[in-house]
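Q: So the protein lines, in turn, are chains A, B, C and D. For our numbering, count along the first sequence from 1 and bump the result up by 39. For our numbering, count along the second sequence from 1 and bump the result up by 39. For our numbering, count along the third sequence from 1 and bump the result up by 39. For our numbering, count along the fourth sequence from 1 and bump the result up by 39.
Please note: incorrect hints may appear among the correct ones.
Simulated pairs of lysine-lysine, BS3-like, Cα-Cα distance not exceeding 25 Å [what the hints assert, rightly or not]:
1. A:K397 x D:K243
2. A:K188 x D:K188
3. C:K397 x B:K397
4. A:K188 x D:K397
For the chain B half of the interface with chain D, some residues (derived, Cβ under 8 Å), not all of them [unchecked claim]:
5. N42
6. F53
7. A70
8. F78
9. S107
10. V123
11. H157
12. D159
13. R161
14. Q165
15. S301
16. D302
Derived from the structure by calculation, the hints contain no laboratory data. Beta carbons: idealized from backbone N, C-alpha and C, even for Gly.
Number of protein chains: 4
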Amino acid sequence: MSNLLGNSYRVTIFGQSHSPMIGAVIEGIPAGIVPDMGFIGAFMARRAPGGSPLSTPRSETDAPRILSGLNDRGETCGAPLCAVIENGNARSRDYDSLRDVPRPGHADFTAAVKFAGHNDIRGGGQFSGRLTAPLCFAGALAMQLLSEKGVRVRARVKRIAGIEDAPADLADPPIDAISEHGLPTLDGEAARRMAGAILDAREKGDSVGGVVECFATGLPAGLGEPMFDGVENRLARALFGIPAVRGVEFGLGFAAADMHGSDHNDPFRVRQGRIVTETNRHGGALGGITTGMPIVVRAAFKPTPSIALPQRSVSMGRSEDAELTVGGRHDPCVVPRAVPVVEAAVACTLLDMLLEAKEA
Amino acid sequence: MSNLLGNSYRVTIFGQSHSPMIGAVIEGIPAGIVPDMGFIGAFMARRAPGGSPLSTPRSETDAPRILSGLNDRGETCGAPLCAVIENGNARSRDYDSLRDVPRPGHADFTAAVKFAGHNDIRGGGQFSGRLTAPLCFAGALAMQLLSEKGVRVRARVKRIAGIEDAPADLADPPIDAISEHGLPTLDGEAARRMAGAILDAREKGDSVGGVVECFATGLPAGLGEPMFDGVENRLARALFGIPAVRGVEFGLGFAAADMHGSDHNDPFRVRQGRIVTETNRHGGALGGITTGMPIVVRAAFKPTPSIALPQRSVSMGRSEDAELTVGGRHDPCVVPRAVPVVEAAVACTLLDMLLEAKEA
Amino acid sequence: MSNLLGNSYRVTIFGQSHSPMIGAVIEGIPAGIVPDMGFIGAFMARRAPGGSPLSTPRSETDAPRILSGLNDRGETCGAPLCAVIENGNARSRDYDSLRDVPRPGHADFTAAVKFAGHNDIRGGGQFSGRLTAPLCFAGALAMQLLSEKGVRVRARVKRIAGIEDAPADLADPPIDAISEHGLPTLDGEAARRMAGAILDAREKGDSVGGVVECFATGLPAGLGEPMFDGVENRLARALFGIPAVRGVEFGLGFAAADMHGSDHNDPFRVRQGRIVTETNRHGGALGGITTGMPIVVRAAFKPTPSIALPQRSVSMGRSEDAELTVGGRHDPCVVPRAVPVVEAAVACTLLDMLLEAKEA
Amino acid sequence: MSNLLGNSYRVTIFGQSHSPMIGAVIEGIPAGIVPDMGFIGAFMARRAPGGSPLSTPRSETDAPRILSGLNDRGETCGAPLCAVIENGNARSRDYDSLRDVPRPGHADFTAAVKFAGHNDIRGGGQFSGRLTAPLCFAGALAMQLLSEKGVRVRARVKRIAGIEDAPADLADPPIDAISEHGLPTLDGEAARRMAGAILDAREKGDSVGGVVECFATGLPAGLGEPMFDGVENRLARALFGIPAVRGVEFGLGFAAADMHGSDHNDPFRVRQGRIVTETNRHGGALGGITTGMPIVVRAAFKPTPSIALPQRSVSMGRSEDAELTVGGRHDPCVVPRAVPVVEAAVACTLLDMLLEAKEA
């Protein structure tokens, strides 16, 4: 089983790209919360396609509808909240040819093996990035609850096509300096160059990848569990649930592997009566447990596997090599739309840990 | 809760660095297996310290004892198998000063917060790398079962202190060319330079980090689940359970973020009647489900936080800045001993998925 | 968390009596199944009210709609199946007075405490028997899959208001002799007397309880797990999820407590080359594992707590004693409608065990 | 998987009747607790055999040893606590003949099927009542924690061989009047008659069953979850994990099925400013959530299946009918020793719910 995220804030996601609806059932929301549908809608709009030349021309109106979980005053009532989003604007025909010839880099082949050919091929079925919409609903609701606890979660595009955004102070990430317009970066010039690389890839029928960096501030120290249920384990589990993620790292991540201990260790200091670390190379967790410093996590996204160029594949039915040209409308780079998705996955996970510790 | 790994091959690890024993309870082992104690012992010896100038001079005799789970013929009987290892050779005094002054880069501070000062400070308590010994027991047993299915799991040191081992063909990793002696690498010269860097760091009272790369071959296509229970999610959850891991990536990992789709997608081909990918940049899983190609996963290890150099920290009791010099005996680099631990975490997880699919 | 049933056939139920919809998300359905909506609808109709003078005059049209989980050929595709049922015909006003004065025997008081007054009081909220409708959907789908394996699940009214149905041979339960019309019993005369007792209770503004007995035939031996995940543990967990259940027993159940071992032990015999028990006092499981004999389980239902007679209660707001007369429309006896619900809970659980053993 | 009980106070039990050790790993114990080994030992002694002519002459010295989970001050440290008990005094020869001929009423047959003949036949293997010893360890530790919260858990023999103990006021159970000597009952005369029935059965080579009734007082209202994770679901799951339990009921249980609603509903009243129910027919939980009234739960135990009389069985190897006389030393009635086991299962479950609600 696999569509469930979380222990205390439990999100079960359902749906396929072209099923009548997609949605999420959320258990564990504290009772008495009035979901801020304005905030949630705005958050989900950041993920929705169609708003930018950088993304797919498909337009999705991801207006969620809440089917259960609220009392007659519109408050959460302790029952599971089910929210659904209608699927529409589906061009199922686009995918018919993929039944036999799997798209390289996609789950068409593995799904066909696993589900003995019964997988829903339309639009990538349950493997579609579309399924991140209900995750964003759950994440936005989580962010609403987190913000009441002073916890903020904010991600940026760290890199696209090898173009880096400006470095950030991990111990005091400049969350408010992340641009709300265009690509969410610190450096506007970097954003422009990234956008150029994306449009360039699109023109060539190709795609590019990138890295999203997410910060979470305001968490208390002491959250998380040792060994297999720590901050990193849980965030990694959540983030690898986002399509196209190939790597996850915390703090300095892979760069730490090339350092000396004397350079990597973050000195503890007392500041305003509180124990902090002077630097934040550790990324907010030691031994799987929060230090109270900002969580810093990065996810690497591969280039969109759906490209317009002809590709080599196979005919599964005839068991022979084949050529494939992927039709349909696709993002030349998933990274911009992945930013709120990363935030959602992080927010769900952090709220889960706060609820487990009964601090939310 | 956090000490449990797996759904079908369920490993619960217990113990602290200086508790009377450490061990693991393993549920879900198929009945009728005779644990190969010679193989298991040899595997665990690869993790044990004391065998090399590159590691801590502490010597641990990690001879496991099986307390339950076998019938009178020495076969697994369907009951949980509990294996324990005695702790000995403990110098608890070494750690007394750490009660008040947490070691930078360690869990001393976060454990003190989480457990309100009741955490076991001796030897790092439950956060000690020593707890990877029972994980290795469980992993070695898993490898025994995997090998009967034709699945091999083998890791190497990919990088230490910035020194790279030779590149490998991810589609056909040269598992047997990984050296069994000294540092497990493909390139003996790289191994010598890495060893030099480790000894150099030790001499300076410092430490270095590195990257372990693990391959698993022989898996069928179709293992794993979509979304949050895929190959990557599970392996990442397991690997972030190993102390000092800061990043996990699959296939080309973070390098994929800088590529074009046309360069990253692995073409499908039919070879000897079987569908394979020509290259293996995806690292063995698409959509969280195995493709049948080798699993390729990398874990980044930070430099050992325990260094002999004086460090800045705080007195938690007096709430003021303090100096700290960490005594005790420590690895200047955990990476060499982490190689079998990574194999163990991977083996446990892959067996878990095979059992879930009833293919083991 | 509490709305999840099952490990391999995982049913998450959501909704409240008066929420826009109620429903279930089902993970773990084998791919390639075409849900038999005719069968499912007929099964759910057995639970639906309005069809009989013995039940509430509320009419519910429990037509389920499948939102996800099917491919374009209408087959299950490996993705979670979400089915919903519209709530309609709600008279929310009926319940307004209950916010302050909890109904004896209901969850009004405990829900108000647990959810700090935010619980959905309308129609009993998430505690309503209405939530058994999505359970019946999941159960009917489970029965469809079970029947393909030769497993049949059938329950009867064993007792209402102290009136017993005819005894059954537990080793060979006469499933097909259970009446499809009126009350599902073996003995038509008993059914008539039970119906009389129900109508009599209704006339007096009172209610009656009873016992449902469920049989499952055709299961292989060897299903279930020792200790806490055996047949009895799982079935009991499921059955106590049905509102009003106060006791669950297997085989001879509480009657076994008064017997001698020599009378209670079921002799093993070889019949047609198969090992069976001559009698079935054990009810189909020994040590939590199926013997291959029919599962026999009984659930005791308390009399409907909603009665028309005036009752003593309290004002929670004023913290003083109060009187209460429950309005609304209620079943004078939940037992008849509980019969398919018991079947559904049993079917979901047995399919779960079969899938876990990969025998379905 | 099946040897795990609880979500927040997680008890994993391991061992077989004749494995070197049996034990439990307990996760989730709050840090800073000093286990009261005197209390725990005394509690476990109530379960241990050998102390009475009413039980088996086997003597077990169930002295538990704690392998992990304590810091250097003997306090729980947040790490899993593993406690083990040595197995000794085993006469494995007694069971050799059972490999082929399964004992009626035992798990020999089902275990042989499930584990393909690899099950540990010695002493019943993992199905042995001996495995309730580590459960009692976990339960005694739970009771220590519960008593600090004012929660008391106490069971009595309600019935043996059809002989009833005196009735108790369920709203105010006379816990302290339960005899500590001989059979734990309210009525000494009933205890003597029960003892006579047990000795009589033993003399005839037979066995008798009975009912244990357990009370838990001092719980706050509001514990437990709706639907499948309520008080009843969890307690039933735990209690059916005790060998020989055939039925579980709450409050009036099966007797409620024969009542009218007007007789069964417990009126709410305000007493000393607190909302209580006047009577406690509901047994302490409504809608799966505690009311604050005493929990009342009953478990029916079948007569010990091991009897000295010759019985009919089969040869599994030759697939033909066979005769069997069970040797070894057995309790003619498990009920007396089951009393602390029931308390342990209840205590573990209630502590689990309190911890989940962060009230312990």
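Q: Identify every previously stated hint that the structure contradicts and give their numbers, smallest first.
A: 1, 2, 8, 15, 16
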